[in-house]
Amino acid sequence: MNDMPRAETTVAPPMGLLAELTHRCPLQCPYCSNPVELERRSDELDTAGWQRVLREAAALGVLQVHLSGGEPAARPDLVDLVETCAREGLYSNLITAGVSITSERLAALEAAGLDHVQLSFQGADDVVTEHVSGMRGAFDKKCAFAGEVRARGLPLTLNVVLHRANIHQIDDFIELALRLGAERLELAHAQYYGWALRNRGALMPKRAEVMTALRTVEAAQRRLKGRLAIDSVVPDYYAHFPKPCMNGWGQQTINVTPSGLGLPCHAAQTIPGLEFWNVREHGLADIWYHSPAFNAFRGTDFLPETCQSCDRLDIDHGGCRCQALMMTGDARQMDPVCQHSPWHEEIQTLTLEESGRDEPFAYRRFAKHTRPA
Amino acid sequence: MSKTLDDNAVVRLPRGVRMREDAARGGWVLLAPERIFQLDAIAHAIMTHVDGERSVSQIVDGLVVDYDAERDRIRHDVLALFHALIDRGVLEVIS
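These protein sequence lines are chains A and B, in that order. Each residue of the first sequence is one higher than the last, beginning at 1 in our numbering. Each residue of the second sequence is one higher than the last, beginning at 1 in our numbering.
Everything labelled a hint here was simulated from the structure, so no lab data went into it. Keep in mind that this is a model prediction, so the values were computed, not measured. Glycine included, every Cβ here is placed at the ideal spot set by N, Cα and C. Among the hints, erroneous ones may be present.
Stated by the list, open to error - Coverage of chain A stretches by chain B, computed from C-beta distances (three or more under 8 Å per stretch; other residues unrestricted):
id	segment
1	68-81
2	84-95
3	166-176
Unchecked claim - Taking CB as the label site, the calculated pair distances span:
id	chain 1	residue 1	chain 2	residue 2	range
4	B	Thr4	A	Asp125	34 to 42 Å
5	B	Asp66	A	Glu175	55 to 63 Å
6	B	Ala23	A	Glu175	24 to 32 Å
7	A	Glu281	B	Arg35	31 to 39 Å
8	A	Arg150	B	Asp40	32 to 40 Å
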């Protein structure tokens, strides 16, 4: 081919596909990574549409598929989609709240070739779980589901988003993971995008709580080595350096939303002016290599001079574009979390203020339909 | 659970870990919960002998024949790889 576009020769194919099958969910967690404007059932891709996405993902070079949502089990065709993953050689990871999957359905998922289950916990007990998820009885359902996953021998990871309302429960989450027989526990401090950004004043923990939490996790990682793997995602507002967000924009992962939009990350739609392509009109490879949104922030050339001369450029790629935009008004700026950022002081002040607020949760819900009068 | 890795040990990939070719990037990978391990040519050659039945020393014997190399050197590589994978939870000793 003579006309090989530049991107195709320099950009590696993605390793992972985050398939957000639906935004419907029985839980209402106030830190949900879905956008505040949730996509509706009527806009979701159909079964054949998702199967095509999965086949194209495999052809493109994707190795792992994260079946997520919302609650992916809200899709009646979940078993079919897992089966397609298996047929295409894709490693399937089910990311679920674990409150709605019956034993029969879990058996069918296993038979279809499901590789791994990631189960969310909002609290380490009934009270905190109900408070955070907005669902009565969720804790017992999750525990029962975990038991069934382990009884089948499927590998299990527990995932916990940490924030002010549960950060005191770290030891309890570790205990819970051991009791339920999970192999891995992911303790991830809330990342402030989407619903979490809206709820920042209700979620942001205090510095002392964060430091205690980090020490507790480190001690447990040493103590439980070989028994339970604990992955820790640090709270970046309290950090000196930014996270290597998505391991670089358009480098490893592609998200597809329920309606079929291809995104470089969960929060990319918060950046104004980006043009996203839909799998209904474009192939997945075309979206990865050629869509304006994916090419907008590839590489590091667009970053300011401070980043260009920084020895961490190849480590964190200047951090998160969405966070840069949010704080500085310019998505090309360095992540304001970085101590070299002119906005670093500002984010510190904001963190201190937010952690001192006492706001109620704005639970994740679909907006009411507005009808013309 | 944690049986020791020695010459008589038998290892296998635990449930939830799969080895496959990565045609798009070239080479082979281990797919595991939330992680992907890219195997170099030596690691892949060793892993092709892991079947949950052969012992470490049988695997070493097989590789000595395949590669016509010094046994001690191969044994060292095999044990180093298995230790590293066991530490990361993507290989288990079953007996």
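Verification of the hints:
As drawn, the segment 68-81 of chain A meets chain B at 0 residues by the rule of a beta-carbon pair under 8 Å; below three, the given contact is violated. With a threshold of 8 Å between beta carbons, the proposed coverage of the segment 84-95 of chain A by chain B holds, since 3 of its residues qualify and at least three are required. Here the segment 166-176 of chain A counts 0 residues with a CB under 8 Å from a CB of chain B, which misses the bar of 3, and the coverage is violated. For the hinted restraint 34 to 42 Å between Thr4 (chain B) and Asp125 (chain A), the CB-CB distance of approximately 38 Å keeps it satisfied.
A hinted range of 55 to 63 Å is violated for the C-beta pair Asp66 (chain B) and Glu175 (chain A), which are about 47 Å apart. The hint said 24 to 32 Å for the Cβ distance between Ala23 (chain B) and Glu175 (chain A), and at roughly 43 Å that hint is violated. Restraint check, Glu281 (chain A) to Arg35 (chain B): a C-beta distance of roughly 33 Å satisfies the suggested window 31 to 39 Å. Checked against the given bound of 32 to 40 Å, the beta carbons of Arg150 (chain A) and Asp40 (chain B), roughly 34 Å apart, stay inside it.
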